[in-house]
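Those protein sequence lines, which keep their order, are chains A and B.
End of the first sequence sits at 151 in the working numbering; the numbers just go up one at a time, nothing left out.
End of the second sequence sits at 1294 in the working numbering; the numbers just go up one at a time, nothing left out.
Do not rely on the hints blindly, as some may be mistaken.
As the list claims (entries may be wrong) - Within a straight-line C-alpha distance of at most 20 Å, the following computed EDC-like cross-link-like pairs (lysine to aspartate or glutamate) qualify:
1) B:LYS1222 with B:GLU1178
2) B:LYS1267 with A:GLU89
3) B:LYS1222 with A:GLU108
4) A:LYS135 with B:ASP1268
5) A:LYS135 with B:ASP1254
6) A:LYS52 with B:ASP1239
7) A:LYS135 with A:GLU108
8) B:LYS1222 with B:ASP1239
9) A:LYS135 with A:ASP146
10) B:LYS1222 with A:GLU131
11) B:LYS1222 with A:ASP125
12) B:LYS1267 with A:GLU131
13) A:LYS135 with B:GLU1054
14) A:LYS135 with A:ASP125
15) A:LYS135 with A:GLU98
16) A:LYS52 with B:GLU1248
17) A:LYS135 with A:ASP91
18) B:LYS1267 with A:GLU145
19) B:LYS1222 with B:GLU1054
20) B:LYS1222 with A:ASP146
21) A:LYS52 with B:ASP1233
22) A:LYS52 with B:GLU1188
23) A:LYS27 with A:ASP125
24) B:LYS1267 with A:ASP146
25) B:LYS1222 with A:GLU111
26) A:LYS135 with B:GLU1248
If you are wondering where the hints come from, they were derived from the structure by calculation, not from laboratory data.
In case you want the letters, here they are:
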Amino acid sequence: MRSVPLAVLTATLVALSGAALAADEPKNLVDYRSAVMRSLGGHAGAIAAIVKQQVSYDHVAAHAEAIAATAPAVRDVFPENSGPDDYAETDALPAIWENPEDFAEALEAFETAAAAFPAAAQSGDRAQILEAFQKLGGSCGACHEDFRAED
Amino acid sequence: MGLPARLLPILLLLWPLATDVAAQEPPAEEEAVARGRYLLHAAGCVTCHTAEAEDAVPLAGGRALQTPFGTFRTPNLTPDPETGLGGWSAAQFRAALREGLAPDGSPYYPAFPYPSYAGMTEADADDLFAYLQSLTPVRNAVPDHDLDFPFSLRPGLWAWRWLHFDAAPFAPDPEQGEAWNRGAYLVEHLGHCGECHTPRNFAGATEEARRLAGNPQGPEGKRVPNITPHQEDGIGAWDATDMTFFLETGFLPDGDVAGGAMAPVIKDSTSRLTAEDRAAIAAYLLALPPLPDE
C-alpha cells in the first residue's frame, strides 16, 4: 500500500463512487438494497438456528460481526430515486422519504444494537447473546413496522 | 411521605408487630396482583389500551383502532373513578370481559375481543381486575368511537350477539394433554389470536371453519398470516422450537423479523410469558388441522 499515495487512492475511490452513482438505475438500487437486507436477514437466521440449538456450530461471533460490519451501509441504500414510485417491486414504503427524521432515528437504533452485538456474541453466554439478539431484532422489527410493506 | 415526625416513634414500635403479622398471613391480595400482572401480558391488554404517543401512560387508553366499521377508541383501564375503572366491582369487570356488557348493561362492540375472553376463568378475570385496580389512577377521558352508519347504532349489537356470540367458558379436552389444553386456553381465549388470524365475514364475525387460517383483510387492511400447520401456506415447516423462539424474540426461521401488528404482540405479550406457556402455544398451534390459503 505504501507505493500508492493516499491522495491518489482517495481520488480514485471518489471518482469510482461518482461513476457508480451516475449509473444507478432504480431497479439496480432496489436489487442491491434487497441483497443487503437479505444478507442481514441471512446472518440473523443463521444465528437463530445456533441460538435455538438446532445446529451446534460455534459461529455466532462471525455472524454477529458480519451484521455489525454491514449495518452502517443500510443508511446509504435508500437514495431518493429508489422508492416505490421509481420501481414498483420495492417493499420500501414512501414513509422513508416522507419522514426522514423518524427513519434516521429507527436506523440509529438498529446501528447501535448491531454495534453492541459482537461483544455479547463473544461472551459465549447464551442469556447475554439472546438479550442482545432480541434487542437487535426489536430494532429490525420496529423499522420494518413503519417503513417496509407487508409481504 | 409527609408523615408527622411525632408519629415516627409509634410507627417504629408497631413495625415489628406489623411484619410479624405479614409473615404469618400469606399476602393474598399481592399474589392476586402478581398473577394479574402476568395475565395482563398473556391477554395482550397493553398494546390496544395504550395510546400511540411515546409518552403515553400504559393502560390509560385512547388508542384509535381503524376498522372497516369506523374508528374505535380504547378505554382507560386505570382505576380513575371518572374516566377509568375506579368505581367498578369485580363482578362488573367479569361481565365486561366475559359477556361484553358494560356496567349499565349496554353491549360492547366486538372490537373489544370479549368473544375470545368469554372463555377466561373467573379466577383469572378476578386476578386481572386486582392488578388493574392496583395501578396508579390516570385521568384520561377518551373520546367516543367514531363509527359509520349503521354500526353507530349500538342496539344493533344485540342482534349481532344473538347471531354470533357464544359465551361458553373454556372446557379442557380430556383426550388431550396438559400442554395442549393450556395452549388452547392461551391461544383461543387469553391471547385472542383468532381475532386477527381468523378471517371475518361481512358482519365482522370470525369464520370458524377457517379458524387461524389467516385473514386477507386484517387490522389496517393488512394481510395476517395463516398460522395453521399447513406445509406451504401456514407454519407447517416450523418445529416447536421455531415457534417458541419466534414468540420469544420475533425472529422467523429465515432470519426475518416480525413487523406489522405482530411486533407489539411479541414485545408486550408473548416475550413476557413463561417458556412453558410459549411451549403450550406451540403445541396447540402445531396440532391444529392444516388449512390452505383461500
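Hints and how they fare:
Distance hint between LYS1222 (chain B) and GLU1178 (chain B) is unfulfilled; the C-alpha atoms sit about 34 Å from each other, more than 20 Å. Between the alpha carbons of LYS1267 (chain B) and GLU89 (chain A) the distance comes to roughly 30 Å, so the proposed pair goes past 20 Å and is violated. With a C-alpha separation of about 27 Å, the suggested pairing of LYS1222 (chain B) with GLU108 (chain A) is violated against the 20 Å cut-off. This hinted pair checks out: LYS135 (chain A) and ASP1268 (chain B) have alpha carbons roughly 14 Å apart, not beyond 20 Å.
Among the hinted pairs, LYS135 (chain A) with ASP1254 (chain B) is consistent with the structure: their alpha-carbon atoms are about 18 Å apart, no more than 20 Å. Restraint check for LYS52 (chain A) and ASP1239 (chain B): the C-alpha separation of about 11 Å stays at or below 20 Å, so the hint holds. A hinted pair counts as satisfied when its Cα atoms are at most 20 Å apart, and LYS135 (chain A) with GLU108 (chain A) qualifies at roughly 13 Å. Straight-line distance between C-alpha atoms of LYS1222 (chain B) and ASP1239 (chain B) comes to about 26 Å, which puts the hinted pair past the 20 Å bound.
A hinted pair counts as satisfied when its Cα atoms are at most 20 Å apart, and LYS135 (chain A) with ASP146 (chain A) qualifies at roughly 17 Å. The suggested pairing of LYS1222 (chain B) with GLU131 (chain A) is violated, with an alpha-carbon distance near 30 Å, which exceeds 20 Å. Taken as a hint, the LYS1222 (chain B) and ASP125 (chain A) pair is broken in the structure, with Cα atoms around 38 Å apart against an allowance of 20 Å. Pair hint LYS1267 (chain B) plus GLU131 (chain A) holds up; C-alpha atoms about 13 Å apart against a cutoff of 20 Å.
Straight-line distance between C-alpha atoms of LYS135 (chain A) and GLU1054 (chain B) comes to about 18 Å, which keeps the hinted pair within the 20 Å bound. With a CA separation close to 16 Å, the supplied pair LYS135 (chain A) and ASP125 (chain A) stays within the 20 Å bound. In summary, the hint linking LYS135 (chain A) to GLU98 (chain A) is not supported, as the alpha carbons are separated by about 26 Å, beyond the 20 Å threshold. Our distance criterion of 20 Å between C-alpha atoms is met by LYS52 (chain A) and GLU1248 (chain B), whose separation comes to about 11 Å.
Only pairs whose Cα atoms come within 20 Å are accepted, and LYS135 (chain A) paired with ASP91 (chain A) is rejected, the gap being roughly 23 Å. Taking the CA atoms of LYS1267 (chain B) and GLU145 (chain A), the gap is about 13 Å. The hint holds against a cut of 20 Å. Under the criterion of a C-alpha separation no larger than 20 Å, the hint pairing LYS1222 (chain B) with GLU1054 (chain B) is inconsistent with the structure, at around 23 Å. Simply put, LYS1222 (chain B) and ASP146 (chain A) have alpha-carbon atoms about 13 Å apart, close enough for the 20 Å limit, and the pair holds.
For a cut-off of 20 Å, the pair hint linking LYS52 (chain A) to ASP1233 (chain B) is broken: about 23 Å separates their Cα positions. For the hint pairing LYS52 (chain A) with GLU1188 (chain B), the CA-to-CA distance comes to about 26 Å; that exceeds 20 Å, so the pair is violated. The straight-line distance between the Cα atoms of LYS27 (chain A) and ASP125 (chain A) is roughly 42 Å, outside the 20 Å bound, and the hint therefore fails. The straight-line distance between the Cα atoms of LYS1267 (chain B) and ASP146 (chain A) is roughly 16 Å, inside the 20 Å bound, and the hint therefore holds.
For the given pair, LYS1222 (chain B) sits about 28 Å from GLU111 (chain A) by alpha-carbon distance, which is inconsistent with the 20 Å threshold. Of the supplied pair hints, the one linking LYS135 (chain A) and GLU1248 (chain B) holds, its CA atoms being roughly 12 Å apart against a limit of 20 Å.
In the structure shown, a violation is registered for the earlier hints numbered 1, 2, 3, 8, 10, 11, 15, 17, 19, 21, 22, 23 and 25, in ascending order.
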